[in-house]
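*Asks:* All residue numbers for the sequence shown refer to this note's numbering, where the first residue is 1134 and numbers rise by one.
There's no promise every hint is true.
Derived SDA-like pairs: lysine to any residue, alpha-carbon spacing no greater than 20 Å straight-line [to be verified]:
id, residue 1, residue 2
1, K1191, E1224
2, K1191, I1173
3, K1191, R1230
4, K1191, N1259
5, K1191, R1176
6, K1191, G1206
7, K1191, R1317
8, K1191, A1282
9, K1191, R1175
10, K1191, L1202
11, K1191, L1265
12, K1191, A1293
13, K1191, I1310
14, K1191, N1294
15, K1191, E1309
16, K1191, N1318
17, K1191, Y1139
18, K1191, V1273
Pair by pair, the computed Cβ-Cβ distance ranges are [unchecked claim]:
id, residue 1, residue 2, range
19, T1149, V1314, 23 to 33 Å
20, G1143, K1191, 17 to 27 Å
21, A1237, H1203, 39 to 49 Å
22, A1151, S1189, 43 to 53 Å
23, A1270, D1152, 19 to 29 Å
24, A1301, G1232, 46 to 56 Å
25, Y1174, A1247, 21 to 31 Å
26, V1290, R1230, 16 to 26 Å
27, T1222, A1183, 40 to 50 Å
28, S1207, G1300, 44 to 54 Å
29, G1232, G1204, 51 to 61 Å
30, P1250, S1297, 49 to 59 Å
Read the hints as simulated data drawn from the structure, not as lab findings.
For every residue, glycine included, the Cβ atom is placed at its ideal position computed from N, Cα and C.
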Amino acid sequence: MTILVYDNTGSFDALTIADVADAAAQLTLTARSADSAGAIYRRGSTIVEARIDVYSLKADAATATFQLLHGDGSAAADVPVVDHLVGLTFEYYGEPRPGDPTAALVPLTPGDLADGPWRPDEANANRWDADLLRIRAVAVTIRVEAAAAALRGPAGVLFANGGSSSGANRWVPDLEIRFQVSPRNMIVARE
C-alpha cells in the first residue's frame, strides 16, 4: 500500500508499506524514490493511504510511437493507455494573488509554480511552491490521430504527423478535445 506521511511543518514523504508486524504495531516502510524518507516525523504526524497516478506523453517520432502512459510514481515501468495520442497539455488556473480585485481565475504559468515561496522551506528536499495552493482548475487538451497512415494527409494544421493519403476525401483529421476539471478539494465557493 502506498501511504503519504506529513506533519504540520509541511514535510511529507510518499512511502510504501512493505510489512506489518501486528504484535509490535510496527510498519516496515520502503522509500518510493531517492528523495523519499528524508524527514523525521514526530508523534502526531498524519499517515494516509495515497494513490499516485502519473500520466505522460511518449512521443518518439523515429519509431512513430505516440502514447499516453500511466504510472504509479514508483520505479515500475509505465504502461500504455492510449495509442496515437499526438498532443497532451495541462494548463492550471488559480485564485488571483491576494489583493487582486479580479474575481475570475487566472492562468498560472510554469514560472508561477516554480519560483517560491517554498513550503516547508527552501532547504527542504521535498519543498514545493506555495502557489500550488492557488490552483482551482486544470484544463486538459488531448489530440489523437488516425491510426492508419493511409487516412492522414500531409503534416500541418489538420495532421500532427503526415500520412500517405493522396486524396482529401479519404482524410480523417486529428481530433482535439479540451476539457476542464476542478477536483472537489480545489473548488472554492465565491460570494
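*Asks:* Please go over all the hints and tell whether each is borne out by the structure.
*Replies:* For each hint, the structure was consulted:
no.	hint	in the structure
1	K1191 with E1224	holds (19 Å)
2	K1191 with I1173	violated (37 Å)
3	K1191 with R1230	violated (35 Å)
4	K1191 with N1259	violated (26 Å)
5	K1191 with R1176	violated (42 Å)
6	K1191 with G1206	holds (16 Å)
7	K1191 with R1317	violated (29 Å)
8	K1191 with A1282	holds (19 Å)
9	K1191 with R1175	violated (41 Å)
10	K1191 with L1202	holds (7 Å)
11	K1191 with L1265	violated (26 Å)
12	K1191 with A1293	holds (14 Å)
13	K1191 with I1310	holds (18 Å)
14	K1191 with N1294	holds (14 Å)
15	K1191 with E1309	holds (17 Å)
16	K1191 with N1318	violated (29 Å)
17	K1191 with Y1139	violated (32 Å)
18	K1191 with V1273	holds (16 Å)
19	T1149 with V1314: 23 to 33 Å	holds (27 Å)
20	G1143 with K1191: 17 to 27 Å	violated (33 Å)
21	A1237 with H1203: 39 to 49 Å	violated (33 Å)
22	A1151 with S1189: 43 to 53 Å	violated (26 Å)
23	A1270 with D1152: 19 to 29 Å	violated (40 Å)
24	A1301 with G1232: 46 to 56 Å	holds (54 Å)
25	Y1174 with A1247: 21 to 31 Å	holds (26 Å)
26	V1290 with R1230: 16 to 26 Å	violated (36 Å)
27	T1222 with A1183: 40 to 50 Å	violated (26 Å)
28	S1207 with G1300: 44 to 54 Å	holds (48 Å)
29	G1232 with G1204: 51 to 61 Å	violated (39 Å)
30	P1250 with S1297: 49 to 59 Å	holds (53 Å)
Figure legend: structure checked against the earlier numbered hints; hints not met, in rising order: 2, 3, 4, 5, 7, 9, 11, 16, 17, 20, 21, 22, 23, 26, 27 and 29.
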